[in-house]
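Undergrad: Sequence:
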Amino acid sequence: MWNSIFGYVIIRLDGMGIERFLNRILKAGIPVWNVYRLECGSVNAEMRAKDFLKLRELKRGLSCRIHIVKRHGLPFLYAKFRFRKLLIFGAAVSFTLVVVFQARIWLFRVEGISQVPEAVIMRAIASEGVRAGAARTGIETAALGQAIRTYDRRIAWAGVKLDGIIMRIKVVEAEPIPLQQDKSAPVNVVAKKDGIIERITALSGKANVKQGAAVRAGDVLINGDITREGALERLMVHAEGDVSAQVWYRAVLNLPPTQKQLARSGKYQPFRAILIAGCPVYKTPVAYASHELEFQNGAIVRGLVLPLCLIKGSCYELTLQDIEREPDELLAEALFYAELDAIERVPKEASVLKKVSETEIFETGAVSAAVTICTLEDIGLTKAIDYIIED
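Counted from 1, the sequence shown has number 277 at position 277 by my numbering; the numbering is strictly sequential.
Everything labelled a hint here was simulated from the structure, so no lab data went into it.
A couple of the hints might just be wrong.
To be verified - Listed below are the simulated DSS-like cross-link pairs for lysine-lysine, each with C-alpha atoms no more than 30 Å apart in a straight line: (1) K355 - K192; (2) K70 - K80; (3) K50 - K27; (4) K348 - K312; (5) K267 - K312; (6) K206 - K192; (7) K59 - K70; (8) K183 - K312; (9) K183 - K161; (10) K348 - K192; (11) K348 - K210; (12) K383 - K348.
Please put together the full structure from these sequences, using the hints given.
TA: Here you go:
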């Protein structure tokens, strides 16, 4: 490190008496390092720049030659740029700006929000005196996180981390409090979709169906009207229970044997391009609305200030055409999109029991794919009982 500050040189010694010359250097107390012999018989070594001038006197009487291979260190760098004041000034200004910018916060990243708008977090930060350009020093991340939490009840926890010029705010949202149902109101549990009952447990009310029964959407599964036959007054409760059923989701997709695709029409034109330092400065005008480029070769012109590249190729016109496709390829595509359509209909909380795929190829070459997914899910839905109070 000190050698880089005060400057050092890499020298090459040629000729006769190199070993004797090195011995004289060591006896004179001049430090040298990284001494090694080259294949041609010369010797390379490194030494401090201020000691180089002492070698002339030590070389007397010897027929070896001294060459400076390279100069390193601040003195040589200063000598190189001392007359280029504008460059030095620009470098100093750039360095100062980098130091100033790195000492401040310029960007904000908010993570973990879905219910709370980002604008709420940004307003909370601004209210605490932190804006773009604020100094990093003096920002207490723990206290700022606690302060953010007080601005919205939906924020359970907030943490702040400084990462260079970026302030990262991690938010954990509070779980929404479920609405309490009025269990004094009489309701039935009805089916919200078609299915085959797998399990039914009535916690309150009377089960209307049994395991294995097929039900339609809207059918009463657990009855809240538990009035006995012959009773003078109707007895109704808030029906509750667990109803699981097998629900089937089916998606069908038909594909024709030919499909519209962009393909080469047969027309083409020569294409040329010139790139300087990787940026295009000239391209052959293309007359086609949709086209495809095919490059044949490229030539790089060397010896210039910036690299120049000449590209040669062809530009082919693309038009919409009826392309006949292989049945196997069509079946794979139809199955993929039919399964995707069926899966998108399945609720996230449902458990998939099985999947059945069916395919068919018609005489015309068209194909059909059907995917059926069987799930196990809760189909119970509470619905108020319509009743009339008689006087």
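Undergrad: Does the alpha-carbon distance linking K59 and K70 stay inside the 30 Å limit?
TA: holds, 20 Å
Undergrad: For the pair we were handed, K355 and K192, check the Cα-Cα distance against 30 Å.
TA: holds, 22 Å
Undergrad: Given the hinted pair K183 and K312, is their Cα-Cα distance within 30 Å?
TA: Cα-Cα ~79 Å, so violated.
Undergrad: Regarding the pair K383 and K348, is the alpha-carbon distance no greater than 30 Å?
TA: holds, 23 Å
Undergrad: Mind checking the alpha carbons of K206 and K192 for me, to see if they're no more than 30 Å apart?
TA: It holds: about 18 Å lies between the C-alpha atoms, which stays within 30 Å.
Undergrad: Is K50 within 30 Å of K27, Cα to Cα?
TA: holds, 17 Å
Undergrad: Would you check the hint for K183 and K161, treating anything up to 30 Å between C-alpha atoms as holding?
TA: violated, 47 Å
Undergrad: Taken at face value, is the distance from the CA of K312 to the CA of K348 at most 30 Å?
TA: violated, 54 Å
Undergrad: For the pair we were handed, K348 and K192, check the Cα-Cα distance against 30 Å.
TA: holds, 16 Å
Undergrad: So if I understand the rule, the pair passes when the alpha-carbon distance is 30 Å or less; does K348 with K210 pass?
TA: With a Cα-Cα distance of about 26 Å, the restraint between K348 and K210 holds, given a limit of 30 Å.
Undergrad: Given the hint that K70 pairs with K80, test it: the Cα-Cα distance must not exceed 30 Å.
TA: Distance of about 13 Å is within 30 Å: holds.
Undergrad: Would you check the hint for K267 and K312, treating anything up to 30 Å between C-alpha atoms as holding?
TA: At roughly 17 Å apart (the allowed maximum being 30 Å), K312 and K267 satisfy the hint.
The structure does not agree with the numbered hints 4, 8 and 9 stated previously, though it agrees with the rest.
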